[in-house]
Amino acid sequence: MFKIAVVGDKDSILAFKALGVDVFTAYESEETRKIVDFIAHNNYGIIFITEELAKLIPDTIERYNKEIIPAVILIPSNRGSLNIGMDKINERVEKAVGTNIL
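Residue numbering for the sequence shown follows our numbering, starting at 55 and increasing by one per position.
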């Protein structure tokens with residue numbers, strides 16, 4: 055059975071701990087990259103990462119997006135959304151369906 059992790063700044067992800075999700079705090083790109091790589095190689099099936107951190111490591115995010123597991127899902131931080139996650143969803147729906155239905 056796969057585990058679920060969330061990566062982000064402390065204020066944005068602390069609530070996930072109450073849901074039983076493993077929480078990893080990061081603030082800088084190299085730190086975030088190391089954490090995501092660690093999570094990906096340790097039986098995690100889903101990695102939620104704040105959009106703010108994901109934009110610091112686009113190459114790492116893209117590398118895992120090409121894999122089936124883990125699924126990397128971008129979430130807004132407590133400061134709001136950068137719309138990166140929604141843009142990716144729209145892009146994938148358009149690729150799958152042939153048109154943007156969202």
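Honestly, the hints are just simulated from the structure, not real lab data. The structure presented is a predicted model; accordingly, all values stated were derived computationally and were not measured. Heads up, some of the hints might be wrong.
Restricting the straight-line Cα-Cα distance to at most 30 Å, the calculated cross-link-like pairs of lysine-lysine (BS3-like) are [said to hold, decoys possible]: (1) Lys64 with Lys109; (2) Lys88 with Lys64; (3) Lys109 with Lys120.
Consistency of the hints with the structure:
1. Lys64 with Lys109: 17 Å, holds
2. Lys88 with Lys64: Satisfied, since the Cα-Cα distance of roughly 17 Å is no more than 30 Å.
3. Lys109 with Lys120: 17 Å, holds
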